[in-house]
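Once you have looked at the hints, place chain P with the ligands on chain X.
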Amino acid sequence: MRRIYFMMKKEFRQIFRDPPMVAIIFVMPVVQMLVLSFAITTEIKHVKLAVADLDNGVATRAITRAFANTDRFDVNIVTDDPAAVKEGMRSWDAQVGLVILPGFGRDLARGPAPQVNIVMDGVDGNAASVAMGYAAGILQDYAEKSAAGAPAGAAGRGAFPARMQERMWYNPDLDSKNYMVPGIVVVLLTILPMMLSAMSLVKEKEIGTLEQLQVTPLGRRELLAGKLTPFLILSFIELAIVTVVAVLAFGITMSGSYADLALAALVYLATTIGLGIFISTITGTQQQAMFVAWFFMMFMILMSGFFIPIENMPPFLRRLTLLNPMRYFLAVVRDLFQKGTPLSSLWKDMLPMGLYGLAIFASGVMKFRKRLG
Amino acid sequence: MDETRMTGTAGREAGGENDPRTGRAMDTVVRTRGLTRRFGSFTAVDGVSLDVGRGEIFGFLGANGAGKTTMIRMLCGLLMPSGGEATVAGFDVYRESEGIKRNIGYMSQRFSLYEDLTIEENIEFYGGIYGLKMDEIRVRRDALLEMLGLQAEARKLTRDLPLGFKQRLALGTALLHDPKIVFLDEPTSGVDPRVRRAFWDVIHEESKKGKTVFVSTHFMEEAEYCHRVSIMRDGKVIALGSPGELKREYGRSTIQDVFIEVASGRTAAGGGEARAGGSGDSAGPAGKGGEGS
Ligand SMILES: Nc1ncnc2c1ncn2[C@@H]1O[C@H](COP(=O)(O)OP(=O)(O)OP(=O)(O)O)[C@@H](O)[C@H]1O
Ligand SMILES: [Mg+2]
Chain X
906 MRRIYFMMKK EFRQIFRDPP MVAIIFVMPV VQMLVLSFAI TTEIKHVKLA
956 VADLDNGVAT RAITRAFANT DRFDVNIVTD DPAAVKEGMR SWDAQVGLVI
1006 LPGFGRDLAR GPAPQVNIVM DGVDGNAASV AMGYAAGILQ DYAEKSAAGA
1056 PAGAAGRGAF PARMQERMWY NPDLDSKNYM VPGIVVVLLT ILPMMLSAMS
1106 LVKEKEIGTL EQLQVTPLGR RELLAGKLTP FLILSFIELA IVTVVAVLAF
1156 GITMSGSYAD LALAALVYLA TTIGLGIFIS TITGTQQQAM FVAWFFMMFM
1206 ILMSGFFIPI ENMPPFLRRL TLLNPMRYFL AVVRDLFQKG TPLSSLWKDM
1256 LPMGLYGLAI FASGVMKFRK RLG
Chain P
3 MDETRMTGTA GREAGGENDP RTGRAMDTVV RTRGLTRRFG SFTAVDGVSL
53 DVGRGEIFGF LGANGAGKTT MIRMLCGLLM PSGGEATVAG FDVYRESEGI
103 KRNIGYMSQR FSLYEDLTIE ENIEFYGGIY GLKMDEIRVR RDALLEMLGL
153 QAEARKLTRD LPLGFKQRLA LGTALLHDPK IVFLDEPTSG VDPRVRRAFW
203 DVIHEESKKG KTVFVSTHFM EEAEYCHRVS IMRDGKVIAL GSPGELKREY
253 GRSTIQDVFI EVASGRTAAG GGEARAGGSG DSAGPAGKGG EGS
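Residue numbers (the numbering used here), protein chains in the order written: chain X, 906 to 1278; chain P, 3 to 295.
With the rest of the complex left out, here is chain X:
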C-alpha cells in the first residue's frame, strides 16, 4: 500500500509539472465544449436561401418576398429549375432550398392545401433545424395574412392553407444538443484515460526508469496501480467537470441518476485504461503511443454512433460497431441523460461493455510483463 502511495504521489507530481499533460487534461474538455457550443447555436441569421419557383404566380412571389423581407434569410437564388437548388447547396451558395411546385397558386385558391418543399443542408444539423423553424414561421405568417383577405374557400381552411414538407439532406437524424453533449462525456472518457495512461507508461520505458523500477521490490501490480490510479481519479474529475458544465451551462437535462453514470463510467474506464496499458506494451516511444492511441480513438469515435447514427450505417459497418466498447457506453450515457433509464435496465449495453472492459484490462495487464526480454 505504501509503495502505491509513493508511486501515485510521484505520478501526480509529474503530471502537474508537465504543461502538455495539464493542457490535455484541463484544456481539452473546455475546447470540446466550446466547439460544441458553436455548433449548437440557437439563433441564426442570414441563412442562404435558394427558391425554385416552378409556379411563378402572385402567391409564390409573395412568399419569396416574405422570405427576403426578414434578416433571417438571404434569398440568394431564384430559379425555376429544382436542380439549381441542389447545385447551390453543393457550392455553398444556399443552405436552405424552397421548392414550390407548379399549380401552387391554383391549389391555394381552390382549397386543397398545396405543398411547399423545403430542403436543407443537414451537414450543420442544428442550424438547419433552427432555420426550418423560421421557415415554418414565415410560411404560417404568410398563410394567416393571405387568409385575412382571401376568398372564402381558402379562409375556410383555417390557418394552414399550405402544408410544409420538410426533407433533410445528408444528416437525416438531426442531432440536438441533448444528443451531442452527453456524447462529449463519452469521448473524453475515451481519449483521456487511454492517451494519458499509454503515454505515461511508455515514458517510463523510454527514459529507462521502468527498468530501474523493475529492480525494486515494487511489484507489477503495485506499479500499475500506482501509475494508473491517478488517471482514474483525473478521469472522474473530468467527468464531474463535463457533467456540471453540460447541465449548468448547456441546460442539458440529466434524467438519470449520477451514481449510475459514475458506475457506468467506472466500468468503461476499465476498457480505456486497459487499452492504454495495451498500447504501452506494443510501442516504445511516446510518439508511437500517441499515434496508436489516436488510431484507436478514431475508430472508436467513428464507429460509436457519436457522429453517424448506427441505424444509418450500412449493415457491415453496423456489425463492426459491435466490436466497439465505446458504442455501448455512448448508448448507456445517452439513455441515462435523455430517458433516465436505470442502469439495471441497460444491461444489454452494460454487459458487453463490462465484458470488453474485463478482457481488455486483463490482457493489458498480462502483457505488461514485469520482466523485460
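For the record, the hints were derived by calculation from the structure and aren't laboratory data.
List of simulated lysine-lysine pairs, DSSO-like, C-alpha gap at most 27 angstroms:
id, chain 1, residue 1, chain 2, residue 2
1, X, Lys-1050, X, Lys-950
2, X, Lys-914, P, Lys-135
3, P, Lys-210, P, Lys-168
4, P, Lys-135, P, Lys-210
5, X, Lys-1110, P, Lys-168
6, X, Lys-914, X, Lys-1108
7, X, Lys-1272, X, Lys-914
8, X, Lys-950, X, Lys-991
9, X, Lys-1108, P, Lys-158
10, P, Lys-168, P, Lys-211
11, P, Lys-158, P, Lys-135
12, P, Lys-211, P, Lys-135
13, P, Lys-135, P, Lys-168
14, P, Lys-238, P, Lys-249
15, X, Lys-1110, P, Lys-158
16, X, Lys-1110, X, Lys-914
17, P, Lys-168, X, Lys-1108
18, P, Lys-168, X, Lys-914
19, X, Lys-991, X, Lys-953
20, P, Lys-168, P, Lys-158
21, X, Lys-914, P, Lys-158
Which stretches of chain P does chain X cover? Using the computed rule of at least three CB atoms under 8 angstroms from a CB of chain X, they are:
id, segment
22, 94-105
23, 116-126
24, 130-139
For every residue, glycine included, the Cβ atom is placed at its ideal position computed from N, Cα and C.
Showing chain P with the ligands alone in chain X's frame:
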C-alpha cells in the same frame, strides 16, 4: 502490500566456500555456473562461472558488446538466463527474483532518475518504493545531499544538474536502502576525473562496510581500484583475478596492457581488434601477439 517483504532485507547466508584462486574461505554472495544468455542465435553471455564474496569490489571489463550489461541484468533479475545457474544473495535468479530485488541496488547504464522531479523528490520516491519510513528517508536524504554538497539545490529539478552530480545522485539513490550488493553499470562514463575519484571513494567506503560492488567500466585505471576484475570478450570471461595477479600472469605493468592483449584476441589480425578499438580507453595498438586466454 506485503509489509513483511519490505522490512526483511536479510539475504540468505551462503555457505563458506573457498575462493577458487586463493583458496581462502569466503562468504559468497554472487555465484554463477555456466550462466548463458542468447538473443536468437546470438550468444551474448556464454557460460560464465563466477564467485564473488562479501565486501568485494568486482570489476567487469570488456569492449562494447562483450556482454557486461547482459550479465548484470541477469544477476539483477531483469533478464532471464537462457542456461546455467546463478544465485544472488542466496536467491535463485530463475525463481526468486523478488528476493534478489530486496537485496540489491542497481545503477543502469542509462541515467534513470526522474528528470522532472526535484532531487529530494527522487530520493523520497525511491526511499518510499524500498519501504523506508518517512523519517528514515529524511535522515538518509539529508546525509546524501550533504555528501553531494547539494543541500542548496535539493529543490531543483534533477534535469538541471550537471552530469557528474546526476551520476553521483543516482549512485546515492541506488545505495539509499542499504543493499547487500550493488550493481553499477558504467557508472563513471561521461564524467570528469574528479567526479570519478569521488565515485570510487564512495565505492571503497561501501565495500568496507561489507557491501559487494559489481562495477563495469571502460576506464582501465579504474580496474586497478577493484579487488578483482574479470575481462569479458564475446560473452566469455577470458581473464579473472586481482589486478596484481593479472599483471603478473600476463607480464604487463598495467591492466590496460593486459586488457589490450586479452580483449583484442590472440593476434592483431583477429576479429576482436575492432571491438576493443571501439571502447574509449582501450583503444590503442593491439599489435602485440601473445597467449590470450
Ligand atoms: N535485447 C537484446 N536483443 C538482442 N541483442 C542484444 C540485446 N541486448 C544485448 N544484445 C547484444 O548482446 C551483446 C552484448 O551486449 P551488452 O549490452 O551486454 O554489452 P556490453 O558489454 O554491456 O557493451 P557496452 O560496453 O557497449 O555497454 C551485444 O552484441 C548486444 O547487441
Ligand atoms: Mg553495457
